[in-house]
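First to last, the protein sequences are chains H and Z. In our numbering, each residue carries its 1-based index in the first sequence increased by 79. Position 186, counted from 1, in the second sequence is what our numbering calls 184; the numbers after and before it change by one each time, with no gaps.
No wet-lab data here; the hints were simulated from the structure. It is possible that some hints are incorrect.
[Said to hold, decoys possible] Here are the simulated lysine-lysine pairs, BS3-like style, with alpha carbons at most 27 Å apart:
no.: 1; chain 1: Z; residue 1: Lys2; chain 2: H; residue 2: Lys402
no.: 2; chain 1: Z; residue 1: Lys216; chain 2: H; residue 2: Lys155
no.: 3; chain 1: H; residue 1: Lys93; chain 2: Z; residue 2: Lys2
no.: 4; chain 1: H; residue 1: Lys94; chain 2: Z; residue 2: Lys77
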Amino acid sequence: MSESYVGISWNRQKKIYDAIIGVVVLIYLALFIGVGSLLHPTSTIETLLIRGFGTAAILSLHIVLIIGPLCRLSPKFLPLLYNRRHLGVATFFLGLVHGGIATFQFHALGELNPFVSILINNTRFDSVPDFPFQILGLAALIILFLMAVTSHDFWLKNLTAPVWKTLHTLVYIAYGLLIAHVALGVLQAETNPILAVSLGIGMLLVVGLHLTAAFKESKTDTEEPNGKGDYVEVCSVDEIPENRACIATVSGERVAVFKYDGKVSAISNVCQHQNGPLGEGEIIDGCITCPWHGFQYEPETGASPPPFTEKVPTFNVKITGGKVLVDKTPNKAGTRVEPVSIDG
Amino acid sequence: MKKKEFYIGYLPEMPEGIAKVVRPFTALLIVLVFVLGIIFLIGQRPFAKSYFEFGNVQDFEGTIQARPIPFLLVVSDEKTEGLPKFERIPLVAEGKDGAEELIRSYDGSRVKLKGTRIYRDSLQMIEVVGGSIVKSGGEGQIAPEKEESLGIHTLNGEIIDSKCYLGVMNPGNQKTHKICAINCLRGGIPALFVVRDKAGNTSELWLLGEDGKPVNEKIFDYVAEPVKMKGEVKRRGAFLYFYSNPDSIERLN
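If we strip away everything but chain H, and leave its shape as in the complex, we get:
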């Protein structure tokens, strides 16, 4: 199932997800500011707000970034992915408040425009200890802003999935900028190594999970089946669970071969919504259902059921001696291909 555009298509899972985000953020800020003012009675409220929102934003961004690889390693984490974009938008707002208060605190009420102050007051780009770390934070915030405003499916549809996906891949640039913002900023003024150690562990977690997930997926991509002629053997029929798929790389593209009702069909593995892995989905109500956000496609046509309009390429399939063979050349998205009967 795909959907028409409304502000947010609320459902129970999204409400629970957002409620958890809201409650955790509120408790975190209350804890940081409340306990902070007890532990550090001479600290100013502005400092606690800047640090509270800043640390909340960086923690939130780490969680956003580990959800993707966790889901690639195990589908049991998919509920965390389903509404991840709301966590991403929350991360942007936490960063915005952090940056807003810091901009007012350190750059407003002076002779210069606050943004001019950020850009020109410190130009020691050649110095690690004195690098103007604020500019890095501003650049990261601009990226997070672009991602937040284009997070809605309206933009996904209009920018097209590849462009949207590329734009949202900029989160890794934003992450790098923010790590540098923290390392060249507050860590330069602090002496307790636990802060740097925490940041290092966070980075290792993000990088490590991404590498592990990439290694796992690389096996699918490198084990490209060989075959003479137009068709290549991808798997045996028996390997495919009922209403599920096997995934194989054919001519550099991932193909999902589904088995259902005594038949086999093959479509592109890439969901039109957010490029989710359709081959990790399931056939529900006769439609291939994407594991990420539940978008659906008919296995014979690669098209979403009316009135929805998403389409993915289909592939011609043969079964020979219990083996599934897939045509190397995809059909145009939405092209009907008669499913092949397992019994011949």
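Start from chain H and add chain Z according to the hints.
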């Protein structure tokens, strides 16, 4: 073969097996977030005992002294050897501005003004409410102390703006405060040169040029970082002054 569970977000319930993994994992993640928040709080550098009595505007009376930096000279009720005891309180304006403009026509005059106290250890300052200075009548007073030279010295320290350092911000020095300090110096807030000994004890010297005038615009590039400066240290009353040529600044990083 047991059927694999499949999660669909728009269905009201998640499959039981998935819930058994994702719920404890989420709980663990939340606990970790709170624990890290506490670690970040505890791991911070201790905050200085500096204060800004924001919202507590008080009345002050004394004599304006514009040089070497804007002061309010207040006569204390106490006396030393039968002579009146004076207290010099530096003045700044609201925001990131010095008090030069506010006091321009009151130098040497006895005035009343409204302001907010800023203080750190034995140093204090008044943030003057704009337009609150009025002449109170009577002769302006002159403190009797003499300036005493403590010699030419090369000192290692940090250039900061006095207003934030004394309490308007906390921390009001070092890297994260660098640009704010530059903005404050740009606005005419007097510069301090802070020297730390190995035990962490600090001495604050009002930083001036060799001619006794502010050098704010020549030191922006060296603010909030370890530097070395050469100049003459003088004492007057309770304050130390550092008369230094900005060309003598050397970075220690």
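Tested hints:
Taken as a hint, the Lys2 (chain Z) and Lys402 (chain H) pair is honoured in the structure, with Cα atoms around 23 Å apart against an allowance of 27 Å. Straight-line distance between C-alpha atoms of Lys216 (chain Z) and Lys155 (chain H) comes to about 61 Å, which puts the hinted pair past the 27 Å bound. This hinted pair checks out: Lys93 (chain H) and Lys2 (chain Z) have alpha carbons roughly 23 Å apart, not beyond 27 Å. A distance of roughly 71 Å separates the Cα atoms of Lys94 (chain H) and Lys77 (chain Z); the hinted pair therefore is violated under the 27 Å criterion.
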